[in-house]
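There are 2 protein chains.
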Amino acid sequence: MTVCIIGASMTDFGQRDAWIRELLAEAGSECLDRSGVAPEAVEHLLVSNMASGEFEGQTGIMNALAHDLGLLPAYAERVDQTSASGGAGIYSAWQSIASGASEMTLLVGGERMTHRSTAEATDVIASITHPVEYKHGLTLPSFAGLTARRYLHRYDAPRESLARVAVKNHANGIDNPHAQFRKEITVEEAMESPIVADPLRLYDFCPITDGSAALLFCPEEVAKEYAEEYVRVAGVGGATDTHVVHERGDPTTMGGVRESSQQAYEQGGYGPEDVDVAELHDMFTILEFLQLEDLGFVEKGRAWKATEEGRTERDGDLPINTSGGLKSKGHPLGASGVAQVYELVGQLLGTAGPRGVDAEVGLACNVGGFGNCVTTTIVEGT
Amino acid sequence: MTVCIIGASMTDFGQRDAWIRELLAEAGSECLDRSGVAPEAVEHLLVSNMASGEFEGQTGIMNALAHDLGLLPAYAERVDQTSASGGAGIYSAWQSIASGASEMTLLVGGERMTHRSTAEATDVIASITHPVEYKHGLTLPSFAGLTARRYLHRYDAPRESLARVAVKNHANGIDNPHAQFRKEITVEEAMESPIVADPLRLYDFCPITDGSAALLFCPEEVAKEYAEEYVRVAGVGGATDTHVVHERGDPTTMGGVRESSQQAYEQGGYGPEDVDVAELHDMFTILEFLQLEDLGFVEKGRAWKATEEGRTERDGDLPINTSGGLKSKGHPLGASGVAQVYELVGQLLGTAGPRGVDAEVGLACNVGGFGNCVTTTIVEGT
Numbered sequence: 096m097t098v099c100i101i102g103a104s105m106t107d108f109g110q111r112d113a114w115i116r117e118l119l120a121e122a123g124s125e126c127l128d129r130s131g132v133a134p135e136a137v138e139h140l141l142v143s144n145m146a147s148g149e150f151e152g153q154t155g156i157m158n159a160l161a162h163d164l165g166l167l168p169a170y171a172e173r174v175d176q177t178s179a180s181g182g183a184g185i186y187s188a189w190q191s192i193a194s195g196a197s198e199m200t201l202l203v204g205g206e207r208m209t210h211r212s213t214a215e216a217t218d219v220i221a222s223i224t225h226p227v228e229y230k231h232g233l234t235l236p237s238f239a240g241l242t243a244r245r246y247l248h249r250y251d252a253p254r255e256s257l258a259r260v261a262v263k264n265h266a267n268g269i270d271n272p273h274a275q276f277r278k279e280i281t282v283e284e285a286m287e288s289p290i291v292a293d294p295l296r297l298y299d300f301c302p303i304t305d306g307s308a309a310l311l312f313c314p315e316e317v318a319k320e321y322a323e324e325y326v327r328v329a330g331v332g333g334a335t336d337t338h339v340v341h342e343r344g345d346p347t348t349m350g351g352v353r354e355s356s357q358q359a360y361e362q363g364g365y366g367p368e369d370v371d372v373a374e375l376h377d378m379f380t381i382l383e384f385l386q387l388e389d390l391g392f393v394e395k396g397r398a399w400k401a402t403e404e405g406r407t408e409r410d411g412d413l414p415i416n417t418s419g420g421l422k423s424k425g426h427p428l429g430a431s432g433v434a435q436v437y438e439l440v441g442q443l444l445g446t447a448g449p450r451g452v453d454a455e456v457g458l459a460c461n462v463g464g465f466g467n468c469v470t471t472t473i474v475e476g477t
Numbered sequence: 096m097t098v099c100i101i102g103a104s105m106t107d108f109g110q111r112d113a114w115i116r117e118l119l120a121e122a123g124s125e126c127l128d129r130s131g132v133a134p135e136a137v138e139h140l141l142v143s144n145m146a147s148g149e150f151e152g153q154t155g156i157m158n159a160l161a162h163d164l165g166l167l168p169a170y171a172e173r174v175d176q177t178s179a180s181g182g183a184g185i186y187s188a189w190q191s192i193a194s195g196a197s198e199m200t201l202l203v204g205g206e207r208m209t210h211r212s213t214a215e216a217t218d219v220i221a222s223i224t225h226p227v228e229y230k231h232g233l234t235l236p237s238f239a240g241l242t243a244r245r246y247l248h249r250y251d252a253p254r255e256s257l258a259r260v261a262v263k264n265h266a267n268g269i270d271n272p273h274a275q276f277r278k279e280i281t282v283e284e285a286m287e288s289p290i291v292a293d294p295l296r297l298y299d300f301c302p303i304t305d306g307s308a309a310l311l312f313c314p315e316e317v318a319k320e321y322a323e324e325y326v327r328v329a330g331v332g333g334a335t336d337t338h339v340v341h342e343r344g345d346p347t348t349m350g351g352v353r354e355s356s357q358q359a360y361e362q363g364g365y366g367p368e369d370v371d372v373a374e375l376h377d378m379f380t381i382l383e384f385l386q387l388e389d390l391g392f393v394e395k396g397r398a399w400k401a402t403e404e405g406r407t408e409r410d411g412d413l414p415i416n417t418s419g420g421l422k423s424k425g426h427p428l429g430a431s432g433v434a435q436v437y438e439l440v441g442q443l444l445g446t447a448g449p450r451g452v453d454a455e456v457g458l459a460c461n462v463g464g465f466g467n468c469v470t471t472t473i474v475e476g477t
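Residue numbers (our numbering), protein chains in the order written: chain A, 96 to 477; chain B, 96 to 477.
Hints are not guaranteed to be accurate.
Chain copies aren't distinguished; within one or between two, either way the pair holds.
[Claimed, not checked] In the SDA-like style, the derived pairs of lysine to any residue whose C-alpha atoms are separated by at most 25 Å in a straight line are:
#	residue 1	residue 2
1	Lys230	Trp114
2	Lys230	Arg211
3	Lys278	Ala292
4	Lys319	Gly195
5	Lys319	Gly165
6	Lys230	Asp112
7	Lys230	Ala113
8	Lys395	Thr217
Since the hints were derived computationally from the structure, they do not count as laboratory data. These numbers come from a predicted model, not from an experiment.
Modelling step: build the complete structure from the supplied sequences, incorporating the hints.
This is the structure in structure tokens:
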């Protein structure tokens, strides 16, 4: 069974004056409209969302969305894999179609966060990891700082190479009308921004964001009825790494990225050399380096060099985060993994506008926690 | 592909001096031990849980559990369908196996609630439904009261018939070593207990509970390698009803129960007349009546009569909630749907001890919200 994507949408990301239900309904209804699929045809609805209860005091949002979009009596379920909830939703949507349980599955990912203070939001996010770590201040940004320091030292990489990730992703975001920050930044600005977790500075971090994105999945024979052009899910995989981050053998390697991408490569019959464009989980700039290496795109310890050489820019041989990435586009937790594949669909179908590149195979890597669980999705054109 | 269950376990339900991670690990490790499956063989881990973030300030519990049980690098995901999270986990586990994504999926459902006040717990639970209702006091118990009043009036049923549901389920719970309340109650006691939502009284409601339950799924050819006796998942379905409860056409019918059971019956090639034993979602006594009718076990308006005639007792022709049901066993939200099927596995394999009945086909109905989303699972012996 080949699982296809026949519709994709995303809302504007940023500070939105809308609650979670409105954000989800906006992306969901646009996705249905664009694909020409009637609400009654949807059999399963999956909602990727980490924490609507914690952020908004509202649970049951998948039932609400089924109601709001007129999908009843479609089955509805919320999928949580923390910051990789979107990727987990894609994996679940794939399973729903491939198992025959559904012939039309709508996946909507979303999160509303900006109405809470940064302290409140990071409290919820910190609780993804083990209390033995976060209760002593080892939150995700702290891990990122420690990892960055280790990486720069081990591979003799200049601090500026991390800044170049931010500069590149901001440059891409300028051409994404849905991005939270559509603003050019320079290496100098990034290097002078306030320190958050030494050696990482403000511009090494993605923002807190509201937003939603949606994808519509069905078997290929159904896709042909609805669309002349669609995208195939060639491979998808997911894997965990130690929940206690300090128990990992190598602090500059993400086991979940390696394992989940291996599954996706094998299923799709592709290797890293076949990937034309990729959306990586640049919650922190250092994560783009780790993923470039652990996905097999470049040798271990060489991501900083590939970045400095411009290979990951839009006109390079390995364009990364043409959407602007989490860094410039924003990171509404449950939406991010879905929005990654929204970008790939645009690239494969040639509808990405000024940020388009020539691509037949795309890869998305969505990281939960600090690599605690990772999903990788490979999509291909028809 | 036939999906089978080769392991089942549950913890003691009740007020537990353990946090959510310990509860999940207790059920998960016992399930693996009993089935003789090594942790490394598990490919997917699903955790059915509604609100660990809201109840305990802890997220990422699926990653923590994968770590605690030694399952790495198994994929991990949290499944939320409010009070039907367990049933949704079963549906998702079925999809993971039937799609070929996993050859061994461990499902662990659990919730810790008793450390919060009843007011705090019911606040979280109230937010399952639409704010247009719960902000005006129409919480789940209120809906149950209104529905009960309507039912008793419409079908000229005596108030005592509802009490008999509680009496029966308590009688069954006495023989369940894991039940929260192992205590006989009488119709008189139930009728004299304090009013909660008129005409429903305290003994018409399930308690607030801590607990966890687990099931292990695999394809039949794998099941044969591990177990001489196992259970097949014959059918599973899920469906939504209106999120705003007052928009439903008939207040004494649950559309999600009808639709989800129809799917499960069709998939399994069974009808209601083939079901030998069932676990229904008796969060409120009135719900057992609605499910008895909407599942097709008895004619509309006749569940109260069937109950008064003793047909749903353990020695009746349609034994319901041999486990004690949510009423006596307890209702740790994410665990309940999983524990329902734990009970059915025991009934089909003949390991239910003194509460055993003669059964080849069992059905579990797990209700989310006030019927906002419902899953039905049918299992059969080999």
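Status of the hints after comparison with the structure:
{"no.": "1", "hint": "Lys230 with Trp114", "in the structure": "between (30 Å within a copy, 16 Å between copies)"}
{"no.": "2", "hint": "Lys230 with Arg211", "in the structure": "both (21 Å within a copy, 21 Å between copies)"}
{"no.": "3", "hint": "Lys278 with Ala292", "in the structure": "within (23 Å within a copy, 57 Å between copies)"}
{"no.": "4", "hint": "Lys319 with Gly195", "in the structure": "both (17 Å within a copy, 24 Å between copies)"}
{"no.": "5", "hint": "Lys319 with Gly165", "in the structure": "within (24 Å within a copy, 43 Å between copies)"}
{"no.": "6", "hint": "Lys230 with Asp112", "in the structure": "between (33 Å within a copy, 21 Å between copies)"}
{"no.": "7", "hint": "Lys230 with Ala113", "in the structure": "between (32 Å within a copy, 19 Å between copies)"}
{"no.": "8", "hint": "Lys395 with Thr217", "in the structure": "neither (31 Å within a copy, 51 Å between copies)"}
In this structure, the one hint that does not hold is number 8.
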